[in-house]
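> For reference, the chains in residue letters:
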Amino acid sequence: MHHLGNFALMAILAFAAYSVVAALLGVWKKNARLIESAERALLACSGLSTVACFSLIALLLRSDFRFEYVASYSNRDLPFFYKVASLWAGNDGSLLFWAWLLLLFSGIVVLTNRTKNRELMPYVVATLGGVALFFTCLNFWICNPFEQLGVVTAAGAEVWAPADGRGLNPLLQHPIMAIHPPILYTGYVGFVIPFAFCIAALATGRLGAEWITSTRRWTLVSWAFLGTGLLLGGRWAYVELGWGGYWAWDPVENAALLPWLTATAYLHSVMIQERKGMLKVWNVSLIIITYLLCVFGTFLTRSGVVSSVHAFAESDFAKVFLIFIALAAGASAALVFHRLPALKSENELDSMVSRESGFLYNNLLFLVSCFAVLWGTMYPVLSEAIQGEKAMVGPAWFNRVNIPIGLALLALTGIGPLLAWRKSSLDSLRRNFTGPLVFAVVTGTALFALGARHGYALLCFVLSAFVIGTIVQEFHKGAKARRLHRGGSYPGALLDLTLVNTRRYGGYVVHFGIVLIFIGVAGSAFDTEKKADLVAGQSIEIRGYQVKFLGLDEGRTANYDWLSAKLEVTKNGKSIGTFAPEKHLYLASQQPTSEVRRYATFQEDLYMVFAGVTDDNKTTVQIFVKPLVRWVWLGAIVVFLGTVVTLVPAKRELKLARKVEAVKENLLLESKKKYDVA
Amino acid sequence: MNRKKVKFVVGGAVILAAVMALAISSLEETKAYYQTVPELRAMGARAEGRRIRVAGNVVPGTIVRHEEGVVTFDIDYEGEGLSVRYVGRAPLPDTLVDRAQAVAEGTLQRDGSFEATLVQAKCASKYEAAYEQGKTTLE
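Residue numbers (our numbering), protein chains in the order written: chain A, 1 to 678; chain B, 1 to 139.
Because the hints were derived from the structure by calculation, they are not lab data.
All figures in this text were calculated on a predicted structure; none of them were measured in a lab.
All residues carry an ideal CB built from backbone N, CA and C; glycine is no exception.
One or more of the hints may lead you astray.
Quick list of the computed label-pair ranges, beta carbon to beta carbon [to be verified]:
#	chain 1	residue 1	chain 2	residue 2	range
1	A	S428	B	K4	30 to 40 Å
2	B	V14	A	L447	57 to 67 Å
3	B	E48	A	L647	53 to 63 Å
4	A	R453	B	Q109	27 to 37 Å
5	A	A154	B	E80	40 to 50 Å
6	B	D98	A	Q603	38 to 48 Å
7	A	L429	B	A18	19 to 29 Å
8	B	V6	A	R33	25 to 35 Å
9	A	F526	B	E80	40 to 50 Å
10	A	N399	B	K4	28 to 38 Å
Mimicking SDA-like on lysine to any residue, the simulated pairs with C-alpha atoms at most 25 Å apart in a straight line are [unchecked claim]:
#	chain 1	residue 1	chain 2	residue 2
11	B	K4	A	L349
12	A	K390	A	F296
13	A	K423	B	G11
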């Protein structure tokens, strides 16, 4: 109990509570100094939270097993890197980490808005302080990572420490797992900033696009991190869990997908508000829902309600979390309702065939998908409440519902950006779509001729070709026009074009990455797999690969014992190399894991699993051939890079900013002159 | 509401209806019921043909690895046992060891055994018992 970390948590409780009260009081009494003190209190929380977080890391590094958290998630021989990663391996530590990110981001917001958004800031501070207060309460009373172990002796309670900790779950001892949670959490937590600005906009009645544009960077960065985190999670499952896939519609995965879907809808629909002053209610609702889903996702991930045998909301943890979500939802809804008259649209929808309606359908599809995933994820809870029988829906259900939605969205990815604002003429449609459509049809025909017969996969490839066609056409058209006006080389014109409108062309790059991911996912329709029990010298044949089992090997490291199956791989007679998928037995936890080996190319992955030894001493080897998987990872990188492009300030904006600065300076000079004269 | 708005709302409604129809029609084929071993036994013939997820602890020494990745093991839940035969294609989780908490998804066979196409398992750590003993959190 008497630990620095705990004192830091107590201090955060006090400062966060103060920041909420002082910020609101400051607005009410129109006292700027009070508001400033609220901001400083929040800054102090950032510092204190850093202290709390690092004191837990210090305990982990010192292997201080008097602390329950340290004893539960680490052990003496755990490598340094993973000792640090143990910070987010368990519930208590990961919530501490969550709160730390939240307060760090809050600190950055306070520091970057000292002269901007002054009307919004008190409410932003109050919202952030309130959220921080909740998570710190949770961290202090319910999930305290600084609790010590003890035993009751004749003399009373005494501190007790086990000789060694229970160790970090071996499945988490993987480099990806060390970076996946922080990246995902950055995404989850980051959405609190646009949420806080949205609440501030609602509270102040400043309901233009100001709150959206001021938080555009936060939204995009959070979105990119959430998406990257999701795919890193998939990548980890693929290389570490050894079942041959990267996405299983597991509740934990779905939990992160839900806010990603609504956030993606939001990224698109804000463009309509910025440009046409429409969809104001929709946008505030979307960001509120996104944030609530982020909190809900954290809760789902940490509590295991869906998969566990315990009834929903049984633990204190679940109750408190659900109460927080309900309160936040209620308060936000009340604010939106209160401002409904002021959120009226400034424009009307002009035509069904326009950029606006493309965005509207895009939003509808994202929301429908989000709702379906939420419903499927919560089905065990819902079916138990409604029918009295706990049932679940598997990956097959999620696929059936989401594949058509996904393909419709893919089609819109191509169509939407080519539609004109307000209304597209038939002529412009013909001009814009002929090229990409021809390319799509040619691709489809070629693939069909080559023997692709899977309906959805074929449709996916055709649509992907169409979207790629539109993207290439957009870049080409832009570059051609630019060269016509300014000359220069073609690649130079492409680069220039992108820099002048980073948002638009960065967006195309993101779309291109998404298409690559779709292509990779569609490849899974052609997966194949073979399992066999082998003795040394025997082999498995699969799609032109010959995998020969050479024998077993074994050894020991400080952390685990290992057993490996040596495999020699040739393709169509050509040698590819030897691979040794392993089985590990971790010493601290006595938990076995499989280490798969992969031979990855852009065409396909050869995925080798050492599945075990049968009771009559044969070695079971399972080989998967998974076409196009690599495109998923490549696509993820492209999406990330595209997002970076959209974050670069466009040349146009820079020019404008410089002009504004110049005008400001002039004004300042003039006023100074006046002052001097006076 | 103007005509364009009506058109958009109709379009949206069609999409919603299509997705809902798809969701509901796929439900019966893909859903699996959570059942404990005693509940499963009590169901008798009604359990046949129904996809079921059943949970229990792996009885030590019963895991047998047969040819081609078929694995049999017994699970126990509050004193009632069930023989599970895993015939799925995916490699079994490494965590399926003696005394692990296992979840098997599949169907009950006529002979009272359970044929699973999916198995999930969680390890019971050997430190758990010793650890729980010493764990009286200090106030």
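> The structure should be examined with respect to each hint, and the outcome stated for every one.
Here's how the hints hold up against the structure:
1. The given range of 30 to 40 Å is broken by A:S428 and B:K4, whose C-beta atoms sit roughly 19 Å from each other.
2. Taking the beta carbon of each, B:V14 and A:L447 are about 30 Å apart, not inside 57 to 67 Å as hinted.
3. Checked against the hint of 53 to 63 Å, the pair B:E48 and A:L647 passes, with Cβ atoms roughly 58 Å apart.
4. Under the hint 27 to 37 Å, the C-beta atoms of A:R453 and B:Q109, about 35 Å apart, fit the expected range.
5. Taking 40 to 50 Å as the suggested C-beta distance range, the pair A:A154 and B:E80 conforms, at roughly 42 Å.
6. The beta-carbon spacing between B:D98 and A:Q603, approximately 42 Å, falls within the hinted interval of 38 to 48 Å.
7. Between A:L429 and B:A18 the Cβ separation comes to about 25 Å, which falls inside the hinted range of 19 to 29 Å.
8. Between B:V6 and A:R33 the beta carbon distance is about 54 Å. The supplied range of 25 to 35 Å is therefore violated.
9. Checked against the given bound of 40 to 50 Å, the beta carbons of A:F526 and B:E80, roughly 43 Å apart, stay inside it.
10. Remark: the range hint 28 to 38 Å for A:N399 to B:K4 is upheld by a beta-carbon distance near 34 Å.
11. Restraint check for B:K4 and A:L349: satisfied, since their Cα atoms lie roughly 7 Å apart, inside the 25 Å limit.
12. Of the pairs offered as hints, the one joining A:K390 and A:F296 holds, with about 21 Å between alpha carbons and a cut-off of 25 Å not exceeded.
13. A threshold of 25 Å between alpha carbons decides the hint, and for A:K423 with B:G11 the separation of about 17 Å falls inside it, so the pair holds.
Violated hints for the displayed structure, listed by number in ascending order: 1, 2 and 8.
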